[in-house]
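Enquirer: Residue-level listing of the chains:
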Amino acid sequence: MIASESQQPRNGITRILSNIINTVVGMLGGTNMIKFLLRRLMAAIPVLFAILLVTFILTHLLPGGPFDAVGERRMPDYMVRQLEEKFGLNKPLLINTWNDGYYPDGDDWKIIGYHTETKTIGGNQNEVRQVEEKVLRIDLLDAQFFGYVWDALHLDFGPSLNVANRAQNVQVGDEIAERLPVSIQVGAFSVLLGFVLGIPLGVLAAVYHNSTVDYVAMFFAVIGQSTPAIVLAPILIIVFAVELGWVPVIDQSNQWQAGPELSLYYLKILILPVVTLGTGMSATIARLTRASLLQVMHEDYVRTARAKGLRERVVIYVHALKNALIPVATILGPLLANVLTGTFVVELIFTIPGLGKVFVDSVAARDYTMIMGVSLLYSVFLISGNILVDIMYTWLDPRIRFD
Amino acid sequence: MAVAEGAEPISLEEEQKGSNPWVDAWRLFRRNKASLVALVIICAIFFIAISAKFWTSVGLLDERSGTGSRHSINPANQARVDPYPDPGSCARDDQVRSPYWCGWLDDDMLATVKDSYCSYPEPDADQQQWCYMLGADSQGKDWLSQTVYGAQVSLAVGVVGSTMSLIVGLIYGLVSGFYGGRIDNIMMRIIDFMYGIPYLVMVILFQVFFTEIAREYQDSGREGFVGFILQINKDMGGLLFLFVALGLLSWIGMARLARGQVLAYREKEFVEAARALGASNRRIIFVHLLPNIIGPLIVAETLAIPGYIFTEAFLSFIGLGVQPGTPSWGAMISEVRTRGGFFSNRHILLVPSIALVITTLAFNFLGDGLRDALDPRLRGT
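As they're listed, the protein sequences go chains E and Y. Numbered according to our numbering, the first sequence spans residues 67 to 469. Numbered according to our numbering, the second sequence spans residues 6 to 386.
Keep in mind the hints are simulated off the structure, nothing from the lab. Don't be surprised by glycine CBs; every beta carbon is placed ideally from N, CA and C. Do not rely on the hints blindly, as some may be mistaken.
To be verified - Ranges of calculated distance between the beta carbons of each label pair, as one might list FRET restraints:
| hint | chain 1 | residue 1 | chain 2 | residue 2 | range |
| --- | --- | --- | --- | --- | --- |
| 1 | E | 148 | Y | 58 | 54 to 60 Å |
| 2 | Y | 32 | E | 392 | 30 to 36 Å |
| 3 | Y | 195 | E | 230 | 50 to 56 Å |
| 4 | E | 244 | Y | 26 | 55 to 61 Å |
| 5 | E | 212 | Y | 55 | 50 to 56 Å |
| 6 | Y | 55 | E | 244 | 48 to 54 Å |
| 7 | Y | 31 | E | 325 | 53 to 59 Å |
| 8 | Y | 188 | E | 111 | 21 to 27 Å |
| 9 | Y | 240 | E | 243 | 42 to 48 Å |
| 10 | Y | 32 | E | 243 | 56 to 62 Å |
| 11 | Y | 232 | E | 462 | 51 to 57 Å |
All chains should be modelled from the sequences, with the hints used to inform the complete structure.
Expert: Structure (structure tokens):
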């Protein structure tokens with residue numbers, strides 16, 4: 067009786083739990099998919115570690131350091147030493163060997179305790195001494211790199227070493243949290259523009275296949291693909307910002323950091339970067355849509371739909387387009403992974419205070435922690451983008467299985 | 006590309022005539038007029054870039070670094086003279102130039118120019134004026150010369166980058182796909198690993214690293230192997246390290262593609278037949294597999310060339326590409342921008358921009374044509 071009473075609610079909870087788990091597993095694509103995802107996530111760990119290692123070695127091999135100079139003046143040595151001590155840069159870089167000379171205890175023999183020792187000197191005169199028990203202290207991992215990794219595992223990415231930032235004790239995590247939304251605004255709106263512009267263009271080109279519409283659309287798509295941001299952006303700036311004066315050349319009221327809002331000013335500062343980045347994307351998407359739709363239009367089920375007398379519009383826009391958009395949707399993964407790199411370019415040209423600008427500035431300033439933080443973030447985005455592609459494939463195309 | 010379609014289907018005799026697959030491919034390629042035009046344009050750009058030295062010796066172009074020619078755009082230091090001269094603006098030039106090129110101004114024009122634009126206080130009789138066809142930058146270097154020499158950089162990056170990535174990716178993919186098993190597994194893990202590396206971030210880090218090392222060595226005197234490499238890099242205008250930085254990461258996609266191709270063809274009947282006849286692995290790879298898989302790889306590499314050119318232009322734009330003083334289209338655009346050219350003399354911006362767009366456009370069209378010719382499965386996409 068007691069047992070069944072105690073069993074009953076647990077049964078209920080487990081049932082609900084297992085239901086929830088089943089739904090989640092089902093949504094993610096079955097147990098195989100979960101296994102696959104877990105494997106991918108596990109595989110990402112050594113990648114991230116290696117990226118940290120490579121970035122760390124590269125940045126520290128660069129001549130000079132973050133504390134070399136303030137503006138034009140060279141920093142005195144004792145101040146450099148103090149700062150290095152403060153930010154832990156006096157530790158050995160990778161591995162703390164015992165001839166590096168850095169021991170926080172002041173000794174390579176660490177005192178772990180005492181014991182007394184009785185010594186007989188001469189007749190009955192005993193001397194009781196306290197003897198230190200020491201171990202050789204070889205804490206190999208007590209170095210800058212592993213310290214950073216350990217902190218990063220706790221989501222603490224250290225203080226920024228930049229001149230402006232270190233005085234105000236700005237943390238890398240906070241700085242990234244402030245700048246990342248700016249980059250995301252540019253990237254997200256560009257992807258949106260790419261799809262909104264690209265899909266209709268591609269559909270139009272495929273529907274009017276081998277006609278003037280097709281040729282014109284595809285010609286513009288190829289031009290869009292062949293125009294890099296560093297060409298398009300200056301021209302857009304000259305025409306719309308300098309010449310026509312419709313939009314400001316740079317954002318003067320800190321709107322980027324304030325975030326998106328429904329105002330004309332926000333639209334004005336947003337439009338040029340987004341058009342610059344979105345044009346290339348829409349060109350790629352348009353060509354992909356066209357190719358995919360043309361391929362689908364030759365399939366049997368489309369012929370069946372035509373044969374049973376459906377109107378051409380229904381055939382194309384309902385039957386064919388649904389399948390044709392599968393490859394187009396799967397491009398979202400690589401797009402999202404690449405969009406941060408794309409914003410990188412656009413941010414530098416339009417001087418948008420996003421992550422790309424922070425990265426280039428921090429490389430110049432030898433802001434080690436910031437470089438590592440931003441590189442880590444980019445690779446996390448890249449890896450999750452790659453994983454997202456695989457998930458989307460299974461979602462959209464049930465024929466693909468991961469076993 | 007769409008232009009390829011609508012062409013007449015291959016007739017029977019044509020089909021029988023083309024026994025050589027490369028002849029077949031050329032016939033298919035030739036039917037795509039846009040790609041043919043692109044090929045001609047690319048050849049023209051190559052020709053201009055390679056023959057730049059000749060035009061310099063003749064006197065049409067200046068030395069690429071501008072050190073050989075001593076121009077003074079703003080000779081009288083007059084305030085009203087535009088530091089960003091227009092196309093066709095005049096410059097004082099004490100170089101000996103061939104009188105056959107357009108640069109020489111006749112006496113009437115000289116008079117008008119003197120009155121209107123760069124009015125010298127006391128014109129020297131023996132110093133004649135030279136007219137830049139596309140203007141000059143703020144330091145008085147000929148813009149046209151820089152564009153032509155910039156083509157060398159862009160083409161070199163595109164060609165070397167794609168060739169390197171093709172070779173490395175092909176070898177990697179062939180080994181991985183052909184031998185399979187544990188080797189394949191390990192090699193694919195490495196590829197998965199490299200896929201997580203943010204490309205541009207790493208290229209920027211490498212570039213900064215290389216430039217700084219080069220600078221440090223230069224201060225301390227160049228010696229030994231590193232000094233030798235640095236000297237080569239310096240002679241190449243900083244391109245060597247750019248090639249290394251691009252090459253370290255760009256072969257990954259190509260290796261995946263090559264492996265997929267090998268896997269698709271490895272179990273085909275003709276390979277099995279070759280093996281049954283006692284062909285060695287090397288013969289199977291080089292005689293039977295390679296000609297079959299190379300087509301899509303070449304197409305992919307051609308379509309990737311604009312990417313390399315963009316990367317170089319962007320890196321030069323932010324000052325991490327070629328060495329300062331080496332003309333590059335990205336660096337030229339950047340110079341117009343940093344010297345306030347967006348507001349003053351903006352049409353010279355169009356020159357490197359158009360050059361960049363035409364080059365990448367030509368490579369894109371060429372890639373499309375090659376895909377129609379070499380990759381039959383993807384025809385018309």
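Enquirer: Looking back at the hints listed earlier, which ones does the structure fail to meet?
Expert: 3
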